[in-house]
Every structure is written in C-alpha cells, then in structure tokens.
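**Student:** Each protein sequence line maps, in turn, to chains W and H.
According to the working numbering, the stretch in the first sequence is residues 1 to 428, in order.
According to the working numbering, the stretch in the second sequence is residues 429 to 681, in order.
Just so you know, these hints were derived from the structure itself, not from any lab.
Each residue gets a CB set at the ideal place from its N, CA and C atoms; glycine is no exception.
Some hints here could point you the wrong way.
Unchecked claim - Between beta-carbon pairs, the in silico distance windows are:
#, chain 1, residue 1, chain 2, residue 2, range
1, W, Gly-280, H, Arg-676, 56 to 64 angstroms
2, W, Asp-341, H, Asn-620, 46 to 54 angstroms
3, H, Glu-557, W, Gly-280, 44 to 52 angstroms
4, W, Leu-422, H, Lys-613, 45 to 53 angstroms
5, W, Glu-371, H, Asp-444, 14 to 22 angstroms
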Amino acid sequence: MNTAVIRQDLLADVVGRLPDNGLRALRERALTEFAKQGLPGTTEEDWRYTSLQSAVELSNAWLASQPDLVLPHEPRKEHLPTQASETAIDAHWLRFLNGRLLGGALPDLESIRIGREPADGRGLVTDDGLSNLNAALLHDAIHIVVPAGATLSRPIGLVLANDASGNTSVAMSRIVFEVGAGAKLEIIENHLSLSAAASFASVVIELRLARGAQVRYLRLQECGEAQILTGRLQIAVGQDALLRYTSIDLGGALVRNDVAADLTAAGSDVIANGLYLATGSQHIDNHIRIDHRVGPARSRAAFRGILHGRSRCVFNSKAIVHKGADGTDAGQSNHNLLLSDKAEIDTKPELEIYADDVKCAHGATVGQLDESALFYLRSRGIDADAASRMLTRAFAASVLGELAVAVAAEYVAGRIDQRLDLVVSDKP
Amino acid sequence: MTAMLEIRDLHTKIGDTAILDGLSLTVNSGEVHAIMGPNGSGKSTLAQVIAGHESHLVTAGSVTFFGRNLLELAPEERAREGIFLGFQYPVEIPGVNNAYLLKAAVNAKRRHNGQPEIDAFEFLKLAREKMKLLDMDPGFLNRAVNEGFSGGEKKRNEILQMAMLEPRLAILDETDSGLDIDALKAVAKGINALRSPERAIVLVTHYQRLLHYIEPDQVHVLSKGRIVHSGDKSLALELEKRGYDWVREVANA
Ligand SMILES: Nc1ncnc2c1ncn2[C@@H]1O[C@H](COP(=O)(O)OP(=O)(O)OP(=O)(O)O)[C@@H](O)[C@H]1O
Ligand SMILES: [Mg+2]
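Kindly produce the complete structure, drawing on both the sequences and the hints.
**Tutor:** Dropping the structure here:
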C-alpha cells in the first residue's frame, strides 16, 4: 500500500500553469483520469515488489514548491553538455533535458518527420495511472514519423538527461515513433542524470510498427544514484514486423521499466533481451508483457541480472497467447547471478495460453558464481577478485553478443565493464 | 638440498569424510613421478590439495615447496610460484575466451616475477608455437575456455596452458585418459618438452601407456589415502599385469 498519494490540488494547479502549446486539452483529460486512478500501489499484482512511495514524496514536494520551471522558457543546447554516448555512437541525436527537447527548430533527419505534438493525440490518455500522470505534466510530446520504405543511415539516438540541480526534480517525457510499412529504423534511448540530487523522471514511448517494419531498439539506462525512473515502452507490432529490443540497466536508485508489445497480425517477430546490474540499495524492476493476438508469430524475452550489495531486482515477463493465436512460438527466460547474500531477486517468467497450437517455454535461474570455475581460474594464477570479474563479465557477455543495435556494441560493452568493476568490488 | 615438494603425514577431510590419511611424498627437481592407484583412493584429492582447493581441509601434516609452507598460500599464489595442476576434469567456462585466459595467466605470472607483461604480438607467436608442438588448431584460441571441447581436446588444452606457463612443478591428473593414440603422443611430446633439471612432473595415471613415452623415476601406489608402495618404472608394468590386490597384500604384510 502506498501510504502517500500525489496531492491532486497541487497537481491541478501546476497542470493549469503549464504552457498552452496544444497539449492543454490532453493534459486536462489525463489529469481527470489520474484523479480516479492515482499511482499503482503494492497491493496490485504488477507492483507487488516495487513501491512508488519515494516518487510520490518527491513529486508532492516538487508540486508544493511552486516550480517556476514549468513556465514557458525554451531550454537551449548549452544547458546540456555533450554526453559520452553522443561522441561514441554515430547517430542522429535528439537531446532531451528534463523531458524537453532541446533546440528551438526541429531537426531534419533524412526522410523522417519530427513534430512536437502527436498528430492524433492517440494513446496519450490511457488506463494506466502512471502514464496519465506523465501526460498531465508534459511540456512536449514528440512525434516521429518514418515514411514507408525508408531506411536511415544512422540510428536515432535519444539522450534523456535529468538535471535536478534547479527546481526541476520531476520531469516527464513522451515520444511516439510511427514506423511506416517496410521501413527500417534503429533507436537508442540513453538515460542519464546530470546531478546527484534526487529526481523523478517518467518516460513513455510509443512505437507503432506498420506491416513489415523493422526496428532495432536499445535502451541504455545509466542514471545516477538518486534517480527515480519509470519507463514505459508500448509497442504495436504489425504484420510481418520485426522488433529487436535490448535493455541495459546500469544505474538508478529506483527503476521500473515496462515493455508491452501487442502482436496484432501474423508473422511478427519480437525478441527482447536485457541485462540489469545492481548494487548498493538499487531497486530495478523490469516488466515485459507480450500479447499474442494472432498467429503465427514469435516472441522471446531473455533477461540476465547481476546483483550485489543489498540491491533488489524484479523480473516479470508474461506472454499471453490469446484464443485463436495458433502457431505462436513464445519463450521467456531470466538468469540471475547473486554476488551477495543480501541481494534479492523476484523473478517470474509467465505464460498464459488460450490457444491450442503453440510452442512455449519459460524458465528462471538464480545462482552464485561457479566455484569450480573460480578455482580453475585461480589455479592459473588469476587472483580471486579478477577471477570473479572474469566470470561475472562472462555471464553478461551473452546479452552483449545479441545487442539489438550493433553500432552501439563497443560503447555499451565499455559502460558495462566500467559498471561491473564497480559492482564486483563493492562490499555486500 | 631442499626438496621441491615435501609432503609429510598429510591428513585431509572433505566435509566429515577423511580422504588423505597420512600421505608422505618427496619430489625433487628434475624428477618424474607417477602416481597410480584404484578409483577413489585419493589421487585427485592429493593433486587438488597441492593446488590449493579450498573444499579440502588439511587436518594434519605439512606440504612445503622449496621449504616454504604451501598450505598458507592462495591457489593463485601457488600457481605464480610455479605449480600447475592439469585437471582430471577441465572446467568449461562459457563467455571467457581461451586466449584471454592464457594471456591473463601468463601476465599474472610475469607480474609476480617482476617481468613486463607480454604484448599481443609476442603472445600470439608463443601460443601458436606451443599449439604447433601439440598439434592443436589455432582456432581453439578464439573459443570459450573448454566449452564444447571434446574430452581429448580439453586435455590438450590443459597441456597448452602448461606449456605457456612453464611451471616448476606440473601435476597432471589423468591427462592421458580419453586420448587417442595421436593425441597421447602429442601430449607426451608437450610434457617431455617441459622436462628439465629445474622442473618436476607428477603424473597421475591409470595406464602404463603414458609411461611408455615419459619414463618416470618413481612409481607410487596410492590406496585409501596413503602411499602404500613405491618402486621404479617396472612397478607400473607389474601393476598392469597383476592389479592392485597384490600391492595391498604386500602393504598389509
Ligand atoms: N565433495 C566430496 N564429498 C564427499 N566425498 C568426496 C568429495 N570429493 C571427493 N570425495 C571422495 O574422496 C575420495 C577420493 O576421491 P578422488 O577424486 O581423490 O579419487 P581418485 O583417486 O582421484 O579417483 P579416480 O581414479 O576415480 O579419479 C572418493 O571416495 C570420493 O568419493
Ligand atoms: Mg581422480
């Protein structure tokens, strides 16, 4: 149970003071919906292990502070220093600071169109309280349209940076990708914190894949130690569409990421893999939901976790094979490496099957470093710490080997290594 | 002269089970020893205790290496001091590259000896040279450590590691088991290449055939956790003909 709730009066006041940029009506609708829903509490099955209490407290304090940063003023490029990912990965980078796209004029990126409000407003108001809170407080909503048949020469990169040093401890962002028939697109979503102060960011991204569209998507979360981040990726997968998705969680205090893929036509193929690395008192929760509504189609969710310190991670992936979705091939797996006996993982790969002709498998493991492998390495002169690092890296390697966006592989490998060094040398 | 390896009245336990039960053995530089004995007699236990496996508890006795108490050293320190264990069952380590491990092992030893680390070019040259000697495909360098290797390939890989590390004391636990005739010859070649007046080799084996290629100075029979009989190379032949019952009778007499 959440003992605290978002103060509706304060929220309504702030929503009313947000700039009138075409999102106003949507914000008001979202606010009304949110008033009925509130944020999910730990009595809800999907939120059993993850409490948003700290996000609520931070939000109330922020709302009560009469934040003047909600007044319309255009954030400029120089407010956000160039990030390492931008330098290392050749991509069309779109830079967001506290949920707002930097730079006045929208860039032209090859054949794609970028708009500020969703053309149709579709999907902005939902039955999900968290998404409605996000919608109610939006400055910007970015709409990216990739025309049918287009192929981009480079990925679209999103730097999503949070800076809580001013009075900006709550930030919402919303992006919709509309990928036309047969179009090919790579996307990189890079989450960062610029300051050590506590902040709460909510990111909702929608991905609509038309027939035969192919999207390779990397989420790289490198938030700071005091960052609360909730993410939602909602994917509509059209006929014969392909999605490769990789999620890498390296940072954050409290991180919840929801990926929901709706397979509404035959021939679609979705593979989601991921890695979460947690230490200290980090809490990282990954929820995947895949709805197979029509067969044949394939989906996979394969995540690995490395936990140290007193960290707590949650993995839940559910494939729902609806009635009539014959020819579905769904699989989920989750493997965890516990480096400390004080770390905790709650894992539940699930299948709900209402169709007859399906191929489904799921499994989860939780284990420690293999003692015999450790001894083998040490017997070759490798010291115990280095041997642990080697085996921990090896455990993570299979995710890297199947990274959805290949051009980012070297950068991501470096970031994982850096973080692993820190995590492995941490004391429980 | 100080012996290279001096084991005195060694007693060990794993859990509550006593395994080694008063074992003594002396190995000098330049020597080759063969240790034979029935299944479960404690041969691998002995090898692992020397290498520093932590699940074996030493309850009595001593093990010294050039006069130094080996039992107080961590497994990696023993390795850097020049002790090499060829595993009876080499461990598969998915995700760790074979070349990466070899190089890390070589460098750990070099650092220990105050030498500069080996550079990538020099390392490859050395590895290729040793692989040629062992008739090993260089492709094995790029694979994960022992992952999916056949039984014989794993044993050859152990010998490759040994050849790269040039230990002072090599303990090879049934490195000859499961090898075809060509592999046995290649492995024997690798072991013989290491022989020198400064080094010693302990071969744990069930068969005379390896000793045909590598002549031992002494042959020991281990039974129920202790060495019950020792002799020269002819003992191995005799064991092959007459089995272990005969030794047990001699030992009990
Ligand atoms: N973890 C363990 N728990 C209990 N007993 C063990 C354990 N490990 C080994 N042992 C026992 O110790 C004894 C000696 O085993 P060891 O592996 O040293 O035999 P060995 O002489 O190498 O046999 P082999 O010729 O079959 O390789 C055996 O009886 C074995 O069952
Ligand atoms: Mg054995």
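**Student:** Each hint should be assessed against the structure and marked as holding or not.
**Tutor:** How the hints compare with the structure:
Separated by about 59 angstroms at the C-beta atoms, Gly-280 (chain W) and Arg-676 (chain H) satisfy the suggested range of 56 to 64 angstroms. The hint said 46 to 54 angstroms for the Cβ distance between Asp-341 (chain W) and Asn-620 (chain H), and at roughly 48 angstroms that hint holds. Judged by the Cβ atoms, the range 44 to 52 angstroms given for Glu-557 (chain H) and Gly-280 (chain W) holds: they are separated by roughly 47 angstroms. Distance hint check for Leu-422 (chain W) and Lys-613 (chain H): the Cβ-Cβ separation is about 49 angstroms, which falls inside the suggested range of 45 to 53 angstroms.
Glu-371 (chain W) and Asp-444 (chain H) have their C-beta atoms about 19 angstroms apart, which keeps the hinted 14 to 22 angstroms range intact.
Checked against the numbered hints given earlier, this structure breaks none of them.
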